[in-house]
Amino acid sequence: MTYLSPTPIKDALRSNAPIDAVRLQGWVRTRRDSKDFSFIELNDGSSLRNLQIIARNTLSNYADVQRLTTGASIAVSGALVASQGKGQKWELVADKIEVIGTAEDSYPLQKKGHTPEFLREIAHLRPRSNLFSSILRVRSRLAFAVHEFFQDRGFIYVHTPIITGSDCEGAGELFRVTTLDPAAAESRTTDGEIDYKKDFFARPTYLTVSGQLEAEALALALSKVYTFGPTFRAENSNTSRHASEFWMIEPEMAFCDLNGNMTLAEEFVKYLIADARKHCPDEMELFAKFVDKELLVRIDFVVERPFQRITYSDAVDLLKKSGEKFEFPIDYGLNLQSEHERWLTEKHFKCPVTVFNFPKEIKPFYMRLNEDGKTVAAMDLLVPGIGEIVGGSQREERLEVLQENMRRHDMVPADYKWYLDLRRYGTAPHSGFGLGFERMLMFITGVPNIRDVIPFARTPGSAEF
RNA sequence: UCCAGCGUAGCUCAGUGGUAGAGCGGUCGGCUGUUAACCGAUUGGUCGUAGGUUCGAAUCCUACCGCUGGAGCCA
87 MTYLSPTPIK DALRSNAPID AVRLQGWVRT RRDSKDFSFI ELNDGSSLRN
137 LQIIARNTLS NYADVQRLTT GASIAVSGAL VASQGKGQKW ELVADKIEVI
187 GTAEDSYPLQ KKGHTPEFLR EIAHLRPRSN LFSSILRVRS RLAFAVHEFF
237 QDRGFIYVHT PIITGSDCEG AGELFRVTTL DPAAAESRTT DGEIDYKKDF
287 FARPTYLTVS GQLEAEALAL ALSKVYTFGP TFRAENSNTS RHASEFWMIE
337 PEMAFCDLNG NMTLAEEFVK YLIADARKHC PDEMELFAKF VDKELLVRID
387 FVVERPFQRI TYSDAVDLLK KSGEKFEFPI DYGLNLQSEH ERWLTEKHFK
437 CPVTVFNFPK EIKPFYMRLN EDGKTVAAMD LLVPGIGEIV GGSQREERLE
487 VLQENMRRHD MVPADYKWYL DLRRYGTAPH SGFGLGFERM LMFITGVPNI
537 RDVIPFARTP GSAEF
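To convert, take the position in the first sequence, counting from 1, and add 86; that gives our numbering.
Among the hints, erroneous ones may be present.
Keeping only pairs whose Cα atoms sit at most 20 Å apart, straight-line, the calculated SDA-like set for lysine to any residue is [unchecked claim]:
{"hint": "1", "residue 1": "Lys406", "residue 2": "Gln423"}
{"hint": "2", "residue 1": "Lys364", "residue 2": "Gly532"}
{"hint": "3", "residue 1": "Lys284", "residue 2": "Ala303"}
{"hint": "4", "residue 1": "Lys436", "residue 2": "Gln423"}
{"hint": "5", "residue 1": "Lys310", "residue 2": "Phe235"}
{"hint": "6", "residue 1": "Lys436", "residue 2": "Asp386"}
{"hint": "7", "residue 1": "Lys460", "residue 2": "Asp368"}
{"hint": "8", "residue 1": "Lys356", "residue 2": "Phe341"}
{"hint": "9", "residue 1": "Lys436", "residue 2": "Glu390"}
{"hint": "10", "residue 1": "Lys182", "residue 2": "Trp113"}
{"hint": "11", "residue 1": "Lys172", "residue 2": "Leu99"}
{"hint": "12", "residue 1": "Lys407", "residue 2": "Lys375"}
{"hint": "13", "residue 1": "Lys197", "residue 2": "Arg153"}
{"hint": "14", "residue 1": "Lys172", "residue 2": "Ala229"}
{"hint": "15", "residue 1": "Lys379", "residue 2": "Asn216"}
{"hint": "16", "residue 1": "Lys433", "residue 2": "Lys460"}
{"hint": "17", "residue 1": "Lys356", "residue 2": "Cys437"}
{"hint": "18", "residue 1": "Lys436", "residue 2": "Asp368"}
{"hint": "19", "residue 1": "Lys364", "residue 2": "Lys172"}
{"hint": "20", "residue 1": "Lys436", "residue 2": "Lys364"}
{"hint": "21", "residue 1": "Lys198", "residue 2": "Lys283"}
{"hint": "22", "residue 1": "Lys198", "residue 2": "Phe125"}
{"hint": "23", "residue 1": "Lys503", "residue 2": "Trp113"}
{"hint": "24", "residue 1": "Lys197", "residue 2": "Lys182"}
{"hint": "25", "residue 1": "Lys364", "residue 2": "Leu134"}
{"hint": "26", "residue 1": "Lys375", "residue 2": "Lys182"}
{"hint": "27", "residue 1": "Lys436", "residue 2": "Val383"}
{"hint": "28", "residue 1": "Lys433", "residue 2": "Glu486"}
{"hint": "29", "residue 1": "Lys182", "residue 2": "Pro92"}
{"hint": "30", "residue 1": "Lys379", "residue 2": "Ile396"}
{"hint": "31", "residue 1": "Lys198", "residue 2": "Val377"}
{"hint": "32", "residue 1": "Lys182", "residue 2": "Ala269"}
{"hint": "33", "residue 1": "Lys433", "residue 2": "Asp403"}
{"hint": "34", "residue 1": "Lys96", "residue 2": "Asp277"}
{"hint": "35", "residue 1": "Lys503", "residue 2": "Gly477"}
{"hint": "36", "residue 1": "Lys310", "residue 2": "Arg509"}
{"hint": "37", "residue 1": "Lys96", "residue 2": "Ser215"}
{"hint": "38", "residue 1": "Lys411", "residue 2": "Arg395"}
{"hint": "39", "residue 1": "Lys407", "residue 2": "Gln394"}
{"hint": "40", "residue 1": "Lys96", "residue 2": "Arg509"}
Calculated from the structure, these hints are not laboratory results. These numbers come from a predicted model, not from an experiment.
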């Protein structure tokens, strides 16, 4: 049996001229009967758009074709011709339709709109919906753009470990990694405690919550590096912005201070938005139509306008003088609450805002102490609707100051010998940040729930698929 | 984890103490180069689960499960 190579529907739709012989494969979105033939809308995921198939009643298996329902998979060969109807340029007049797989009439996806909540329950089928296939195409494109952005700027892509022995990376609860059977007696010491000496790595290990500490080591050799990989948090967070497994991008730059860091973060956010606008126009239009009518206005505004920068203490002053009634108190030394961040980006500046120089008491040990002795060179990039999308800092490069920071955070410096070594041997000012890939996707697509920008989301109590 | 809300047909939802409903989907028929086609008929239910109140519960009460929104933690 010899076949023509299958053509992606995306390519067929872009054709400049009719084609005598084309073979397509995909899933039926809908079928309508006409007098002597049937219209089939076929989608193969290569594009948001369907290709219309004309199935004439002269086909030997026309009776089978008329039984095709939404969801069935078929292979079609025929001629790509100019469409006689309105609404599409090209259509395919089939001379052969093979039914590969029928779809039972309980197939849950319909031509009509479905709620994201329902689609989440059928995570294995939702990639066939317009909304999710669009999200997944944008996700793919933006993952590519992440690499393009950093590679163009001379960054080296590094892979930091997913299994880590460090239980204090300054963020969140960790998932334990072990091969010990907790029920087995040989896993325990004579006191009944878990005996990690007998565990696979001969010590407690966890899934990483951040590749930052390792990225610092690599940046202090390769100058500019970035990671892009999975990250795990065992926080019992049940919100539309939190997942237990997500992807994070973490650039780290030697010989770079907080200013350079903020500039890079702002450029990066703009670059990703512009890339989606340029390369995913159909998908962006779909999001603007069905997810968020204000989407394109908002993100275009973000690309065009410079971001606001404000110190933490100025932000606190602004909030205090705002006259706004906040549920939570606002004062120097307290964390900014969601409502405060929203006021800054959504009400006051109406654009992304980078807040920097936070009190040292509310930030982790590795952030660089400023000359005032009270603040650290930290920054949070806030965007309307999502809140914090980037968190970063200049790192403390002075050995003595770092050791002092550790003691203040009740850490034992000796446990971090390799990290301190970086300050003993050729230390240099360095900076970096973390950007949550899914939060960026939410911002760019307008999709309000993180569970809907991940194909198979992991959240507390949920790992079905 | 805390607060609030919601679970009725494959999907979206109405029904708020007295015979379980509509639209869409599926099936059958009609019409038709259609565009979420159209017209007619038909199919489809353990009303989330388990108890309780009542002559009688989808409806009221309790517990549990699931989902959603908000908060905290964060990216």
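Going through the hints against the structure:
no.	hint	result
1	Lys406 <-> Gln423	holds (13 Å)
2	Lys364 <-> Gly532	holds (17 Å)
3	Lys284 <-> Ala303	violated (29 Å)
4	Lys436 <-> Gln423	holds (17 Å)
5	Lys310 <-> Phe235	holds (13 Å)
6	Lys436 <-> Asp386	holds (13 Å)
7	Lys460 <-> Asp368	violated (49 Å)
8	Lys356 <-> Phe341	violated (23 Å)
9	Lys436 <-> Glu390	holds (13 Å)
10	Lys182 <-> Trp113	holds (16 Å)
11	Lys172 <-> Leu99	holds (15 Å)
12	Lys407 <-> Lys375	violated (38 Å)
13	Lys197 <-> Arg153	holds (17 Å)
14	Lys172 <-> Ala229	violated (36 Å)
15	Lys379 <-> Asn216	holds (17 Å)
16	Lys433 <-> Lys460	violated (29 Å)
17	Lys356 <-> Cys437	holds (12 Å)
18	Lys436 <-> Asp368	violated (27 Å)
19	Lys364 <-> Lys172	violated (27 Å)
20	Lys436 <-> Lys364	violated (24 Å)
21	Lys198 <-> Lys283	violated (58 Å)
22	Lys198 <-> Phe125	holds (18 Å)
23	Lys503 <-> Trp113	violated (57 Å)
24	Lys197 <-> Lys182	violated (25 Å)
25	Lys364 <-> Leu134	holds (15 Å)
26	Lys375 <-> Lys182	violated (36 Å)
27	Lys436 <-> Val383	holds (12 Å)
28	Lys433 <-> Glu486	violated (42 Å)
29	Lys182 <-> Pro92	holds (13 Å)
30	Lys379 <-> Ile396	violated (30 Å)
31	Lys198 <-> Val377	holds (15 Å)
32	Lys182 <-> Ala269	violated (61 Å)
33	Lys433 <-> Asp403	holds (15 Å)
34	Lys96 <-> Asp277	violated (65 Å)
35	Lys503 <-> Gly477	violated (25 Å)
36	Lys310 <-> Arg509	holds (17 Å)
37	Lys96 <-> Ser215	holds (16 Å)
38	Lys411 <-> Arg395	violated (24 Å)
39	Lys407 <-> Gln394	holds (18 Å)
40	Lys96 <-> Arg509	violated (53 Å)
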